[in-house]
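Asker: Spelled out from the first residue to the last, the chains are:
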Amino acid sequence: MERSNRKIRFRLLMFFFAMLGMAVLGVLFGAVKIGPGEILALFSGKEPGAQGRILLYVRLPRVAGAFVAGAGLALSGAVIQMILDNPLAGPNIIGVNAGAGFAVVLASALFPRAYAWYPFAAFAGAFLTVLFVYFFGKKTGASRITLVLSGVAVNSILNGASDAVFTISEESLVASNAFKIGGLGGISIPVLKAAAVAVFAAAVLTVLFCNELEVFAQGEETAKSLGLSVPFYRFLFLALAAVLAGASVSFAGLIGFVGLIIPHIARLLVGGECRYFLPASAMLGAFFLMFCDFVGRTFFAPYEIPVGIILSFVGAPFFFWLLIRRKWNA
Amino acid sequence: MLKIEGLSAGYGREPVIRDVDAVFSGAQIISVIGPNGSGKSTLMKAVMGLCSVFSGTICLDGRPVKEMRSRTFAQRVSYLPQIRPAGSITAGRLVLHGRFPYLSYPRHYRKQDYAVCRSVMEEIGIWDLKDAQMEALSGGERQKVYLAMALAADTDFFLLDEPATYLDVRYQAELSALMQKLKGKGKTVAAVLHDMNSALRISDKVLVMRAGRIVMEGTPEEVYAGGVLREVFGVEVRRFFDENGTAYYFTAGIDRPV
Numbered sequence: 381m382e383r384s385n386r387k388i389r390f391r392l393l394m395f396f397f398a399m400l401g402m403a404v405l406g407v408l409f410g411a412v413k414i415g416p417g418e419i420l421a422l423f424s425g426k427e428p429g430a431q432g433r434i435l436l437y438v439r440l441p442r443v444a445g446a447f448v449a450g451a452g453l454a455l456s457g458a459v460i461q462m463i464l465d466n467p468l469a470g471p472n473i474i475g476v477n478a479g480a481g482f483a484v485v486l487a488s489a490l491f492p493r494a495y496a497w498y499p500f501a502a503f504a505g506a507f508l509t510v511l512f513v514y515f516f517g518k519k520t521g522a523s524r525i526t527l528v529l530s531g532v533a534v535n536s537i538l539n540g541a542s543d544a545v546f547t548i549s550e551e552s553l554v555a556s557n558a559f560k561i562g563g564l565g566g567i568s569i570p571v572l573k574a575a576a577v578a579v580f581a582a583a584v585l586t587v588l589f590c591n592e593l594e595v596f597a598q599g600e601e602t603a604k605s606l607g608l609s610v611p612f613y614r615f616l617f618l619a620l621a622a623v624l625a626g627a628s629v630s631f632a633g634l635i636g637f638v639g640l641i642i643p644h645i646a647r648l649l650v651g652g653e654c655r656y657f658l659p660a661s662a663m664l665g666a667f668f669l670m671f672c673d674f675v676g677r678t679f680f681a682p683y684e685i686p687v688g689i690i691l692s693f694v695g696a697p698f699f700f701w702l703l704i705r706r707k708w709n710a
Numbered sequence: 111m112l113k114i115e116g117l118s119a120g121y122g123r124e125p126v127i128r129d130v131d132a133v134f135s136g137a138q139i140i141s142v143i144g145p146n147g148s149g150k151s152t153l154m155k156a157v158m159g160l161c162s163v164f165s166g167t168i169c170l171d172g173r174p175v176k177e178m179r180s181r182t183f184a185q186r187v188s189y190l191p192q193i194r195p196a197g198s199i200t201a202g203r204l205v206l207h208g209r210f211p212y213l214s215y216p217r218h219y220r221k222q223d224y225a226v227c228r229s230v231m232e233e234i235g236i237w238d239l240k241d242a243q244m245e246a247l248s249g250g251e252r253q254k255v256y257l258a259m260a261l262a263a264d265t266d267f268f269l270l271d272e273p274a275t276y277l278d279v280r281y282q283a284e285l286s287a288l289m290q291k292l293k294g295k296g297k298t299v300a301a302v303l304h305d306m307n308s309a310l311r312i313s314d315k316v317l318v319m320r321a322g323r324i325v326m327e328g329t330p331e332e333v334y335a336g337g338v339l340r341e342v343f344g345v346e347v348r349r350f351f352d353e354n355g356t357a358y359y360f361t362a363g364i365d366r367p368v
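Chains as they are written, first to last, in our numbering: chain A, 381 to 710; chain B, 111 to 368.
Keep in mind that the hints were calculated from the coordinates and are not lab data.
Hints may be right or wrong, so weigh each one.
List of simulated lysine to any residue pairs, SDA-like, C-alpha gap at most 20 Å [said to hold, decoys possible]:
no. : chain 1 : residue 1 : chain 2 : residue 2
1   : B       : Lys-221   : A       : Arg-386
2   : B       : Lys-221   : A       : Gly-566
3   : B       : Lys-176   : A       : Arg-391
4   : B       : Lys-240   : A       : Val-610
5   : A       : Lys-519   : B       : Lys-113
6   : A       : Lys-519   : B       : Val-163
7   : A       : Lys-519   : B       : Phe-164
8   : B       : Lys-240   : A       : Arg-655
9   : B       : Lys-176   : A       : Glu-600
10  : A       : Lys-387   : B       : Ser-198
11  : B       : Lys-176   : A       : Gly-607
12  : B       : Lys-176   : B       : Asp-266
13  : A       : Lys-387   : B       : Ala-242
14  : B       : Lys-240   : A       : Gly-651
15  : B       : Lys-176   : A       : Ile-388
16  : B       : Lys-240   : A       : Arg-647
17  : B       : Lys-113   : B       : Ser-198
18  : B       : Lys-176   : A       : Pro-441
Output of the computed footprint for chain A on chain B, the stretches with three or more beta carbons under 8 Å from beta carbons of chain A [unchecked claim]:
no. : segment
19  : 157-170
20  : 202-208
21  : 215-226
Just so it is clear, CB atoms sit at the ideal spot from N, CA and C, and this is done for glycine as well.
Excised from the complex, chain A in its bound form:
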């Protein structure tokens, strides 16, 4: 069994280098041309020039943001699909994104100047939503399917609530529109730092508990019969999924499709074994979002297409393909 996994390990190595390569590409190229001289000057300790500042304070945080959000959302989607045993589930399906979105819309309406607190509101919204879905499932003894359906209901309520706030409060409109589309244009380093720490910690925990997650995914009855404390791990995995998605959404906005598409691609390339599937999802997610952001800001320069729009154009057809494939398989 071990020997047959060499090919998968090689693929993981390829993903790692692809991710690294995309990060370097994303930092070096953009609407403003930056030569190697300016990059080397940054390491000399001198005060950076205009282009150096663009590199340090605009492009680097943006690429890092795409990296963190891509990895976080893809990993969150991978965990959610496993615990709900539903390939059509994702952070946007069980209401995590809608929860984060509503929290930000509400915060922007009530406290229009407290921009710095929006990411925390997004995280709190995501977490509270996932807790609600969890306790609803626990209280009613809901199956995985019911859990997904309750997520759909929560999504609907929260999106409706967001729209209600939009209608009542015009002030929230601008900030919330950018947030709803999803983009990496206005990343601030302190916000990114907090989110990156949360995503990194949650990602480490998720990979650390990969065997538990794999056992959990075999069905709650099998998991319990194998000695796994099902309620504890269900809570843990839902919380980790909320942290991963909430922290990502907090600075990148409602980017939904990464959490759905990437786990599928990762599963196709490395299989469903968690110790490979989870790192593959994280690396491919980081690569994909960095790539989409790169396309959005370079292909149409000097105009910029927010990454959320590019993702929708890529993600929606993929979702249709997934539905058709499932229909064929059925």
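Please build the complex by placing chain B on the supplied structure of chain A, with the hints as guidance.
Answerer: Chain B only, in chain A's frame:
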């Protein structure tokens, strides 16, 4: 010894089984039979803590199961549920998870776990399926993989909820042989079975359930001779012997309108 006393259990607020007493012990095959909805699966689930227990006790070697750590219990009792998802996982990896109850933090599989997994898969004859995705396997092959997972746990008690589901006659015969093999190793096998012939032919003890209660417990001979099968299932069961004296059971027809 797994001892069930005065057990009432079910889902929501309504018990499905009531006042059930049963003992699973020693090298035995115990069949649980009864019509659909009679509470056979609920009995298994109640033992595994998978449904609500309203009253009664379940003790493993004199110790109440609810006081035991789930990991400790899983090292003694294996359970094969009736419905299982065929997720995106290889057969070999799934069988390896049978060793999960023996892992301590951080839960990483050791060389001996891989060795147990291999020996069990070879014993059942599915080693060549080790790298196959569960989704790609036939119902019978999947069932064998799940059985291998239960065997990999190397427990003293095996609770199998309709293990013959999805199995063709060849696989069913292999399953019966496997259960007898486990009994030969001193294990206790309790299985919910629908096939009357298998249940009466290979079992040492048969529990007959109806409407959430055990209406008879006895050897296959006692159950057959007592007429309870006709009473519970509403069918005529006949017995034939081959030239070696082995008994075979057939349902000859409907005894009364259902």
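Asker: Hint by hint, say whether it matches the structure.
Answerer: Results for each hint:
The suggested pairing of Lys-221 of chain B with Arg-386 of chain A holds, with an alpha-carbon distance near 17 Å, which does not exceed 20 Å. Restraint check for Lys-221 of chain B and Gly-566 of chain A: the C-alpha separation of about 50 Å exceeds 20 Å, so the hint is violated. Note on Lys-176 of chain B and Arg-391 of chain A: the hinted pairing is violated, with a Cα-Cα distance of about 45 Å set against a maximum of 20 Å. Straight-line distance between C-alpha atoms of Lys-240 of chain B and Val-610 of chain A comes to about 27 Å, which puts the hinted pair past the 20 Å bound.
A C-alpha spacing of about 30 Å is found between Lys-519 of chain A and Lys-113 of chain B, which places the hinted pair above 20 Å, so the restraint is violated. Pair hint Lys-519 of chain A plus Val-163 of chain B holds up; C-alpha atoms about 17 Å apart against a cutoff of 20 Å. Distance hint between Lys-519 of chain A and Phe-164 of chain B is fulfilled; the C-alpha atoms sit about 17 Å from each other, no more than 20 Å. For the hint pairing Lys-240 of chain B with Arg-655 of chain A, the CA-to-CA distance comes to about 17 Å; that is within 20 Å, so the pair holds.
Restraint check for Lys-176 of chain B and Glu-600 of chain A: the C-alpha separation of about 18 Å stays at or below 20 Å, so the hint holds. With a C-alpha separation of about 18 Å, the suggested pair Lys-387 of chain A and Ser-198 of chain B falls inside the 20 Å cut-off, and the hint holds. The hinted pair formed by Lys-176 of chain B and Gly-607 of chain A meets the criterion: a straight-line CA distance of about 13 Å does not exceed 20 Å. With a C-alpha separation of about 18 Å, the suggested pair Lys-176 of chain B and Asp-266 of chain B falls inside the 20 Å cut-off, and the hint holds.
Annotation: proposed proximity of Lys-387 of chain A to Ala-242 of chain B holds, straight-line Cα distance about 15 Å (limit 20 Å). As the CA atoms of Lys-240 of chain B and Gly-651 of chain A are separated by approximately 14 Å, the hinted pair is consistent with the 20 Å bound. Restraint check for Lys-176 of chain B and Ile-388 of chain A: not satisfied, since their Cα atoms lie roughly 42 Å apart, outside the 20 Å limit. About 18 Å separates the Cα atoms of Lys-240 of chain B and Arg-647 of chain A, which keeps this hinted pair within 20 Å; it holds.
Of the pairs offered as hints, the one joining Lys-113 of chain B and Ser-198 of chain B is violated, with about 37 Å between alpha carbons and a cut-off of 20 Å exceeded. Among the hinted pairs, Lys-176 of chain B with Pro-441 of chain A is inconsistent with the structure: their alpha-carbon atoms are about 52 Å apart, more than 20 Å. Coverage of the segment 157-170 of chain B by chain A holds in this model, with 3 residues showing a Cβ closer than 8 Å to a Cβ of that chain against a need of three. Figure legend: the segment 202-208 of chain B, annotated as covered by chain A; annotation consistent (6 residues with Cβ-Cβ distances under 8 Å, at least 3 required).
Coverage of the segment 215-226 of chain B by chain A holds in this model, with 5 residues showing a Cβ closer than 8 Å to a Cβ of that chain against a need of three.
The earlier numbered hints that this structure contradicts are 2, 3, 4, 5, 15, 17, 18.
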